[in-house]
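Colleague: Could you slot chain G onto chain B? The hints should help.
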Amino acid sequence: MNERVLMLGNEAIARGLVESGCSVATSYPGTPASEILSSAVQWRKACGVPMHIQWAVNEKVALEIAYTASLTGLRSAVSMKQVGLNVASDPLMSAAYTGVMGGFLVISADDPGPHSSQTEQDSRLMAMMAKVPVLDPSSPAYARELVEIGYEISEIFRIPVMLRPTTRVCHACQDILPGEVRPLRREADFRKSPARWAATPAFRFELHRELAEKLAAIAAWPRTAPARLNPHAEGRRAVVASGVAAAHAGEILLESGLWDRLPIYRVVQPFPLHTAFIAHLFAAYEEILVLEETAAVIEMQLLDRRRVRGRMTGTVPEAGELLPEIVERLIAEFAGLPVKEESATAKGGGRRPTLCAGCPHRSSFYAIKKAAPKGIYPSDIGCYTLGLNLGGVDTVLCMGAAVSQAAGFYQAYRLAGKPVDIVATIGDSTFYHAGVPPLIDAVVQGARFVLVILDNSTTAMTGFQATPATGIGAANEPTGAVDMESLVRGCGVGFCKVGTPSRLPEFTGLLKEAVAFSHERGPAVVIAREPCVMDRRQSNRLPPRRKVRVNEECNGCRHCTEQFECPALVYDEGGQRIFVDTLQCTGCGVCLHVCPRSAIVEEDPGGGNP
Amino acid sequence: MTTDVIMAGFGGQGILMIGNLLSIAAMEEGRHVTYFPAYGVEMRGGTANCTVVLSDEEIGSPVVGRPRACVVMNGPSLDRYLPAIREGGDLVINRSLVDPAKVGRKDLRLLAIPANDIAREVVGSQQLASMVALGAYVQRTGAVRMQTLFDCLPKVISKKYEKFIPLNVNALKEGESFARNHA
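Chains as they are written, first to last, in our numbering: chain B, 1 to 610; chain G, 1001 to 1183.
Since the hints were made in silico from the structure, they are not lab data.
Hints may be right or wrong, so weigh each one.
As the list claims (entries may be wrong) - Calculated pairs, DSSO-like style, for lysine-lysine (alpha carbon to alpha carbon, straight line, at most 27 Å):
{"#": "1", "chain 1": "B", "residue 1": "K192", "chain 2": "B", "residue 2": "K131"}
{"#": "2", "chain 1": "B", "residue 1": "K340", "chain 2": "G", "residue 2": "K1102"}
{"#": "3", "chain 1": "B", "residue 1": "K45", "chain 2": "G", "residue 2": "K1155"}
{"#": "4", "chain 1": "G", "residue 1": "K1173", "chain 2": "G", "residue 2": "K1163"}
Remember, predicted model here, so these are calculated numbers, not experimental data.
If we strip away everything but chain G, and leave its shape as in the complex, we get:
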């Protein structure tokens, strides 16, 4: 089985972090993976996106023109990627910053999650909005097991920030439970 996802938002929202975490988790589960991070030349406050491909077989191309799923964390990224998602694909949008009314397409499996609000009000740190979104994406698609994500957090969070791992676990769980309740 092969699946892929493009994750996109502002630089600094943690897009590359969640892409990396998803990739490492898939690898941990014995699958092949490619991860292509891209960020604009405009530096801080610019755009960031990444493409993750997970497969049971060796992956040919790390670049995906028509993704099976998108996680969209800000408005400009919705404009950019909405037309590209495959028919019937999954779209997770961060409702705190992206207006669900702008998703004109009816063929997608849309999940609009207030990721910033959940991160700020429930988890306790707005910086974890992307983790909330990742939890929702993984619950919705089953791309990897949630437990593997938890287990792999120490591999993507530097020793210096180790103490925030439980907070990241909470963020993933909150995203997961939101997705489950809005299936």
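Only chain B is shown next, with the shape it has when bound in the complex:
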């Protein structure tokens, strides 16, 4: 391949993996990292290289599989979003001590902003805690190059290496010249060494000392040392930046005429920061501005607090993305230039997030509110978080927490002697990811709540990746499959029934039955099974479509737009009544059961009068 390609950052990272001879790549989907694995599938096919590529049930399992492949001498990688790294942190901390054989990359994509995450947490802090080096690319092209460099560090120093792109790297497209694919032709060769791979606490102490030595050497490794972008510039102040903030800063210096007067350094390895670089900064400059996302990782390694400006001094805002306009203001202030009036782009516009028209989750939430109108509704991470606008979601904490939070509410109200209906919702992929252990716990403790598993048979929010029940893999190859009902029953749950949410009256009845069971006997599970309307692979499984219209009985009470909130039901301010937006309507027919005046009716199949 000798032609430049417009590549998404995640495609570029995947390209880097294939070029560098990665043999095992694993992941759990999460924005903005999801396309890394699916792109690896594409590049594997295009380049004809042998690789094992898989979605794992969660990030912990994904990391453990990829890490272990490295113990056999193969190169491997695991990718995830930043909150996924929380789930995978247990094996990461330990793997830093035990070290690697083949190169092992942990790719953790951060989401400053945040655009689509619970937190703005900085994975580089996790690298610091684990004591592993982290690389911070500033563009898609650079991210691809850092994959190979990361593997080199990993193999030279026998240590896991983190690659930390952000949304602006993962989701930017750039023209990139693909490199050569270098197959390593390695074969699995696990050399037993129980003292290392199964180390006892006494030897862990030795491993920790060894780790410190590795880090000291990595902090002196020349290839990842910070780069001075404008060597000719002279001054007593300098800017130190990493990631996309370094890209913004470089352009702003050029445009504002500071390029020749304000030295700027781009840091590619924020941890461990190069020792000689730290010494150089304090020898050469009186004042240093640090621009990085999202925590003060570089800044806290620059120990002379009097001379460093950044997030810890309040110079850089504590929260949020370092957008170009913010970097522009910070640099102007630092350089003593007049600061331009903020003409920040106005936020807002568009409409508030809601579930798609025809989404089966909408009927599930509507039914839950009918079955337990005074209930508490813990929920979880996925499309259905948007059920909060329907009044069907009271809490969202982290993956799997709907189940444990339901148990927590139960125990708290039980102590008070005030029983309360609790109906939790969780998606199918999220249930497999982290919902099973708390369900086991609920059975053991006899926690009384209803768990509704919103089973649309896909991981919808991140782009329709398969779930453990789908029976297909990352490359659409057939895989084993887990049967959800058996799994739930195997956990010891006494009530497990499947319903179709779009059959609203029956489904509401089923939920009432489950609520009644939970009052007497511990957790009840209802599996709300209906395909995602947006998932083309499942379009043949959708229930029959129905054409609906609103008749003259509509008095504009807006029950349907407020309690059901389907984007296809629109309130006409002029006529003061509802009409059906036929472009948006998917014909699920659920709204036929929603109108208190029964003003939403089915069109005659013959297409009678509108």
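Modeller: Okay, now just chain G, sitting in the frame of chain B:
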């Protein structure tokens, strides 16, 4: 030379498609390019925008705070991006859905094109409004050659919709000719 543009509108208006086409065309002409697509979590009917940067040199940042140009396909996007455009920049608005009276700024080079009307009445498909707008933008700014856009259409339109390429060419040409006549 470096130029950049933010294109914005409703999801489904073809915003990401024209951004992608412009990027690929610039790459075809041997220039460096970044393309940053963004779409809201609100799914269909929500907002979509993208940022394209074209340059003769390697591009640092794919994110642009003060764009040199904007192509605005719906009302909410005008509210959002109007204050951000650089002084003296180019603004192409879709007059079919955006009221030109709402563009208060006098320093911009404004082109108000009835993109939906042209797409529907002249080209024959309202779905091509964004292509009409792209043709107008490219005529006005010279960001790439029109012919390169035509040549790159097969790279952004899937095989299944190949038969619509001539229609897309027409849409680009109609936008171009409107811009030329309203220079």
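Colleague: Among all the numbered hints in the text so far, which are the ones the structure does not match?
Modeller: none
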